[in-house]
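S.K.: For this one, chain X is given, so just place chain U on it according to the hints.
Top to bottom, those sequences are chains X and U.
Going left to right, the first sequence walks through residues 1 to 100 as this note's numbering numbers them.
Going left to right, the second sequence walks through residues 1 to 140 as this note's numbering numbers them.
No lab work stands behind these hints: they were computed from the structure.
Hints are supplied without guarantee of correctness; some may be wrong.
[Said to hold, decoys possible] Straight line, CA to CA, 25 Å or less: simulated PhoX-like cross-link-like pairs of lysine-lysine:
1. U:Lys23 <-> U:Lys50
2. X:Lys90 <-> U:Lys53
3. U:Lys44 <-> U:Lys122
4. X:Lys27 <-> X:Lys98
5. U:Lys19 <-> U:Lys50
6. X:Lys27 <-> U:Lys50
7. U:Lys53 <-> U:Lys23
8. U:Lys19 <-> U:Lys30
9. X:Lys27 <-> U:Lys44
10. U:Lys53 <-> U:Lys24
11. X:Lys27 <-> U:Lys19
12. U:Lys122 <-> X:Lys27
13. U:Lys50 <-> X:Lys90
14. U:Lys19 <-> U:Lys32
15. U:Lys30 <-> U:Lys50
16. U:Lys50 <-> U:Lys32
17. U:Lys44 <-> U:Lys32
18. U:Lys30 <-> U:Lys53
19. X:Lys90 <-> U:Lys19
20. U:Lys50 <-> U:Lys24
21. U:Lys44 <-> U:Lys23
22. X:Lys27 <-> U:Lys23
23. X:Lys27 <-> X:Lys90
24. U:Lys30 <-> U:Lys44
25. U:Lys23 <-> X:Lys90
26. U:Lys19 <-> U:Lys53
27. U:Lys44 <-> U:Lys24
28. X:Lys90 <-> U:Lys44
29. X:Lys97 <-> X:Lys27
30. U:Lys19 <-> U:Lys44
31. U:Lys50 <-> U:Lys122
32. U:Lys53 <-> X:Lys27
33. U:Lys24 <-> X:Lys90
34. U:Lys53 <-> U:Lys122
Quantities reported herein were computed from a predicted structural model and do not represent experimental measurements.
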Amino acid sequence: MTLLLTVFAALVSTLVWYCSEEARALKVGVLCYMFWGASLMWFVDAVFEYMELRAAYFTPAAADMLNDSFLGLSVIALAMVVWMVLLLVKDPNHLMKKRP
Amino acid sequence: MACFLVPAAEAAVTTIASKVIEKKEQAEDKEKLAQGVSLSELNKPHFSSKLNKLNYMLWGGSGLLAFEHLWHGEIQPFFPFLTATANPADMTAMLHEMSTVGVSMAALVTGVWAVMTFIGGKIENREASPEEALQEEAAK
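Bound conformation, chain X alone (with noise of 0.2 Å):
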């Protein structure tokens, strides 16, 4: 669940990244960027947990599936947070600098 909404949140960044000027002049490239190499380590740790456990990977209990939602929700606004602090401080549009 949580590489799955990291996924969706990687499509959703990058959608937004290629379809808006704006996006990209306020970095949203960097969360494209996170949440694909995020995607990708967490797509190594299934393959490996799916060898380990082959057809009952698919059907985790209903408590783990929750527990990862909100890991996975967690992790998203994370990201989002890291991207906010780093664009105050690359500070594109020039509003934090002090004006003369």
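M.R.: Same frame as chain X, now just chain U:
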């Protein structure tokens, strides 16, 4: 257990490498500018900017994975940080996971970045079709 440490270590190496390469490229650009090379030639994407994309993927991915490990209690914010280091059996399992899952993660991210960079280079160098060229002319 601590698989994210492998891509994080790779990220540290590639970040240092990209900083060194960036400095070299800046020095080369200054030289070329002094020799009278056109600005459009200098505006071509440098290797350091391509390497930065790998840095973002590695740092971002390993950072988010570290959070997942914190969530599952596999790392803690105080010494010894990795809970698996508490007993030798867990430590062996941790090292095994790092050498299998961790190395695979780093290899897959680097491989995807390499393919992405190669295809990106091909697309950048692709000549515009006659229709696209006409549209660009019209826009001017």
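S.K.: Against each hint, give a clear statement of whether it holds in the structure.
M.R.: Do the hints match the structure? See the list:
{"no.": "1", "hint": "U:Lys23 <-> U:Lys50", "verdict": "holds, 14 Å"}
{"no.": "2", "hint": "X:Lys90 <-> U:Lys53", "verdict": "holds, 16 Å"}
{"no.": "3", "hint": "U:Lys44 <-> U:Lys122", "verdict": "holds, 13 Å"}
{"no.": "4", "hint": "X:Lys27 <-> X:Lys98", "verdict": "holds, 22 Å"}
{"no.": "5", "hint": "U:Lys19 <-> U:Lys50", "verdict": "holds, 12 Å"}
{"no.": "6", "hint": "X:Lys27 <-> U:Lys50", "verdict": "holds, 15 Å"}
{"no.": "7", "hint": "U:Lys53 <-> U:Lys23", "verdict": "holds, 17 Å"}
{"no.": "8", "hint": "U:Lys19 <-> U:Lys30", "verdict": "holds, 17 Å"}
{"no.": "9", "hint": "X:Lys27 <-> U:Lys44", "verdict": "holds, 20 Å"}
{"no.": "10", "hint": "U:Lys53 <-> U:Lys24", "verdict": "holds, 18 Å"}
{"no.": "11", "hint": "X:Lys27 <-> U:Lys19", "verdict": "holds, 20 Å"}
{"no.": "12", "hint": "U:Lys122 <-> X:Lys27", "verdict": "holds, 24 Å"}
{"no.": "13", "hint": "U:Lys50 <-> X:Lys90", "verdict": "holds, 19 Å"}
{"no.": "14", "hint": "U:Lys19 <-> U:Lys32", "verdict": "holds, 20 Å"}
{"no.": "15", "hint": "U:Lys30 <-> U:Lys50", "verdict": "holds, 20 Å"}
{"no.": "16", "hint": "U:Lys50 <-> U:Lys32", "verdict": "holds, 21 Å"}
{"no.": "17", "hint": "U:Lys44 <-> U:Lys32", "verdict": "holds, 13 Å"}
{"no.": "18", "hint": "U:Lys30 <-> U:Lys53", "verdict": "holds, 24 Å"}
{"no.": "19", "hint": "X:Lys90 <-> U:Lys19", "verdict": "holds, 17 Å"}
{"no.": "20", "hint": "U:Lys50 <-> U:Lys24", "verdict": "holds, 15 Å"}
{"no.": "21", "hint": "U:Lys44 <-> U:Lys23", "verdict": "holds, 16 Å"}
{"no.": "22", "hint": "X:Lys27 <-> U:Lys23", "verdict": "holds, 23 Å"}
{"no.": "23", "hint": "X:Lys27 <-> X:Lys90", "verdict": "holds, 9 Å"}
{"no.": "24", "hint": "U:Lys30 <-> U:Lys44", "verdict": "holds, 14 Å"}
{"no.": "25", "hint": "U:Lys23 <-> X:Lys90", "verdict": "holds, 20 Å"}
{"no.": "26", "hint": "U:Lys19 <-> U:Lys53", "verdict": "holds, 13 Å"}
{"no.": "27", "hint": "U:Lys44 <-> U:Lys24", "verdict": "holds, 15 Å"}
{"no.": "28", "hint": "X:Lys90 <-> U:Lys44", "verdict": "holds, 22 Å"}
{"no.": "29", "hint": "X:Lys97 <-> X:Lys27", "verdict": "holds, 18 Å"}
{"no.": "30", "hint": "U:Lys19 <-> U:Lys44", "verdict": "holds, 18 Å"}
{"no.": "31", "hint": "U:Lys50 <-> U:Lys122", "verdict": "holds, 14 Å"}
{"no.": "32", "hint": "U:Lys53 <-> X:Lys27", "verdict": "holds, 12 Å"}
{"no.": "33", "hint": "U:Lys24 <-> X:Lys90", "verdict": "holds, 23 Å"}
{"no.": "34", "hint": "U:Lys53 <-> U:Lys122", "verdict": "holds, 17 Å"}
Comparing the model with each earlier hint shows no violations; every hint is respected.
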